[in-house]
Amino acid sequence: MAAVGSGGSTAAAGPGAVSPGALEPGTASAAHRRLKYISLAVLVVQNASLILSIRYARTLPGDRFFATTAVVMAEVLKGFTCLMLLFAQKRGNVKHLVLFLHEAVLVQYMDTLKLAVPSLIYTLQNNLQYVAISNLPAATFQVTYQLKILTTALFSVLMLNRSLSRLQWASLLLLFTGVAIVQAQQAGGGASRPLDQNPGVGLAAVVASCLSSGFAGVYFEKILKGSSGSVWLRNLQLGLFGTALGLLGLWWAEGTAVAHRGFFFGYTPAVWGVVLNQAFGGLLVAVVVKYADNILKGFATSLSIVLSTVASIRLFGFHVDPLFALGAGLVIGAVYLYSLPRAAAKAGAPSAPCPHQQPPGQPPPPQLAARRGDLSTEPFLPKNCNEQMSGYPC
Numbered sequence: 001m002a003a004v005g006s007g008g009s010t011a012a013a014g015p016g017a018v019s020p021g022a023l024e025p026g027t028a029s030a031a032h033r034r035l036k037y038i039s040l041a042v043l044v045v046q047n048a049s050l051i052l053s054i055r056y057a058r059t060l061p062g063d064r065f066f067a068t069t070a071v072v073m074a075e076v077l078k079g080f081t082c083l084m085l086l087f088a089q090k091r092g093n094v095k096h097l098v099l100f101l102h103e104a105v106l107v108q109y110m111d112t113l114k115l116a117v118p119s120l121i122y123t124l125q126n127n128l129q130y131v132a133i134s135n136l137p138a139a140t141f142q143v144t145y146q147l148k149i150l151t152t153a154l155f156s157v158l159m160l161n162r163s164l165s166r167l168q169w170a171s172l173l174l175l176f177t178g179v180a181i182v183q184a185q186q187a188g189g190g191a192s193r194p195l196d197q198n199p200g201v202g203l204a205a206v207v208a209s210c211l212s213s214g215f216a217g218v219y220f221e222k223i224l225k226g227s228s229g230s231v232w233l234r235n236l237q238l239g240l241f242g243t244a245l246g247l248l249g250l251w252w253a254e255g256t257a258v259a260h261r262g263f264f265f266g267y268t269p270a271v272w273g274v275v276l277n278q279a280f281g282g283l284l285v286a287v288v289v290k291y292a293d294n295i296l297k298g299f300a301t302s303l304s305i306v307l308s309t310v311a312s313i314r315l316f317g318f319h320v321d322p323l324f325a326l327g328a329g330l331v332i333g334a335v336y337l338y339s340l341p342r343a344a345a346k347a348g349a350p351s352a353p354c355p356h357q358q359p360p361g362q363p364p365p366p367q368l369a370a371r372r373g374d375l376s377t378e379p380f381l382p383k384n385c386n387e388q389m390s391g392y393p394c
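For the sequence shown, the numbering used here assigns the number 1 to the initial residue and increments by one for each residue that follows.
Hints in this document: simulated from the structure, not taken from any laboratory. Check each hint, because a few of them may be wrong.
[As the list claims (entries may be wrong)] With a cut-off of at most 20 Å between alpha-carbon atoms, the simulated SDA-like pairs for lysine to any residue come out as follows:
no.: 1; residue 1: LYS148; residue 2: ALA170
no.: 2; residue 1: LYS36; residue 2: ASP63
no.: 3; residue 1: LYS148; residue 2: ILE313
no.: 4; residue 1: LYS95; residue 2: LEU113
no.: 5; residue 1: LYS148; residue 2: TRP169
no.: 6; residue 1: LYS148; residue 2: LEU211
no.: 7; residue 1: LYS36; residue 2: LEU303
no.: 8; residue 1: LYS148; residue 2: GLY200
no.: 9; residue 1: LYS148; residue 2: ASN161
no.: 10; residue 1: LYS148; residue 2: LEU113
no.: 11; residue 1: LYS222; residue 2: LYS95
no.: 12; residue 1: LYS90; residue 2: LYS114
no.: 13; residue 1: LYS95; residue 2: LEU106
no.: 14; residue 1: LYS148; residue 2: SER304
no.: 15; residue 1: LYS95; residue 2: VAL105
no.: 16; residue 1: LYS148; residue 2: ARG166
no.: 17; residue 1: LYS95; residue 2: MET110
no.: 18; residue 1: LYS222; residue 2: ALA153
no.: 19; residue 1: LYS222; residue 2: SER163
no.: 20; residue 1: LYS148; residue 2: LEU172
no.: 21; residue 1: LYS222; residue 2: GLN108
no.: 22; residue 1: LYS148; residue 2: TYR109
no.: 23; residue 1: LYS148; residue 2: ALA184
no.: 24; residue 1: LYS95; residue 2: VAL107
no.: 25; residue 1: LYS114; residue 2: VAL131
no.: 26; residue 1: LYS148; residue 2: SER163
no.: 27; residue 1: LYS148; residue 2: VAL306
no.: 28; residue 1: LYS95; residue 2: PHE80
no.: 29; residue 1: LYS148; residue 2: LEU248
no.: 30; residue 1: LYS148; residue 2: VAL117
no.: 31; residue 1: LYS95; residue 2: LYS114
no.: 32; residue 1: LYS148; residue 2: THR177
no.: 33; residue 1: LYS114; residue 2: ALA204
no.: 34; residue 1: LYS222; residue 2: LEU158
no.: 35; residue 1: LYS36; residue 2: LEU248
no.: 36; residue 1: LYS114; residue 2: LEU303
no.: 37; residue 1: LYS222; residue 2: TYR109
Sequences and hints are given; from them, build the entire structure.
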């Protein structure tokens, strides 16, 4: 979401405000290319800076902030941002916004309740990230965290009955090998580490985070197929559950300490930067996937690994030895190979029709029309199966 966290108005003015005939084809394509590369550049910086900023904030001398409070604040900010974007879509009409939210959240309560499961898992994942980054070098975490590609692929095969090409299976094997090499280098003590770091705990946390990320993403896709709600609405619903579950986790894990020292104990400008970055990142991918594609997204992930490693060398004295370089290179190559299109998807081949897209001139099925209501007019919905949002398939 190149323009979600702080520049949501730019994104909202993109496909929703300009009609197809309002711009010359050349101008429209040029603007699309600019948005594509701007969003990818923002994704690279956001991915790398989030890991580095968490690492920096958790290793600063002095009072250490409570990670559970940072997770809650990120969910609050994400939900508030989505609420403001929905308010803008309703042209500042409070009544229309309230009626829309009542219909989407309360009347269609079953759709809302389905989001409780991925929200719980995402909240757990965000807390695990703090544990992992506190116990692993930033570059090592960034490489190991790419195991989420493997877990997502496996859950897709198991839960969605998807098939992977031979190249994709080979890239997953390459990915696992690269991560194993990096972890072997870490376990071998290739670089000095602070005494308060526990690589075993860090590895367990990042593996658990990858498993939760893979399952939540696929589950999210499975339950929302055919959903007509905009990405901002669904993120608002996730934010509501995420805030509630985050507060529950805070009370269970650090409730006494937070009550004694205060919710914002240990907060510094660096900590607020982490919170804002995490909230922004939670909304970023949808715009990136909309304006770019999975191949370029793979490039962005690879570049963020390189950027994190280079920054870790300068900021934290991280040492890159040949074993780490080999493992990181295998991971970067695997990310690129996995994102390549299948051989069957040749250039110029017609795109597959969306199963929920109706032929021109025909009304939607009654069961879909009954559910849509005002939601059918929401912008940022996929127009076909080749324009999917992150977690929002056709």
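Each hint tested on the structure:
no., hint, in the structure
1, LYS148 - ALA170, "16 Å, holds"
2, LYS36 - ASP63, "41 Å, violated"
3, LYS148 - ILE313, "25 Å, violated"
4, LYS95 - LEU113, "24 Å, violated"
5, LYS148 - TRP169, "14 Å, holds"
6, LYS148 - LEU211, "7 Å, holds"
7, LYS36 - LEU303, "16 Å, holds"
8, LYS148 - GLY200, "18 Å, holds"
9, LYS148 - ASN161, "18 Å, holds"
10, LYS148 - LEU113, "25 Å, violated"
11, LYS222 - LYS95, "32 Å, violated"
12, LYS90 - LYS114, "25 Å, violated"
13, LYS95 - LEU106, "16 Å, holds"
14, LYS148 - SER304, "15 Å, holds"
15, LYS95 - VAL105, "15 Å, holds"
16, LYS148 - ARG166, "19 Å, holds"
17, LYS95 - MET110, "23 Å, violated"
18, LYS222 - ALA153, "14 Å, holds"
19, LYS222 - SER163, "16 Å, holds"
20, LYS148 - LEU172, "10 Å, holds"
21, LYS222 - GLN108, "18 Å, holds"
22, LYS148 - TYR109, "30 Å, violated"
23, LYS148 - ALA184, "19 Å, holds"
24, LYS95 - VAL107, "16 Å, holds"
25, LYS114 - VAL131, "28 Å, violated"
26, LYS148 - SER163, "18 Å, holds"
27, LYS148 - VAL306, "18 Å, holds"
28, LYS95 - PHE80, "18 Å, holds"
29, LYS148 - LEU248, "26 Å, violated"
30, LYS148 - VAL117, "18 Å, holds"
31, LYS95 - LYS114, "26 Å, violated"
32, LYS148 - THR177, "14 Å, holds"
33, LYS114 - ALA204, "28 Å, violated"
34, LYS222 - LEU158, "12 Å, holds"
35, LYS36 - LEU248, "38 Å, violated"
36, LYS114 - LEU303, "35 Å, violated"
37, LYS222 - TYR109, "17 Å, holds"
Figure legend: structure checked against the earlier numbered hints; hints not met, in rising order: 2, 3, 4, 10, 11, 12, 17, 22, 25, 29, 31, 33, 35, 36.
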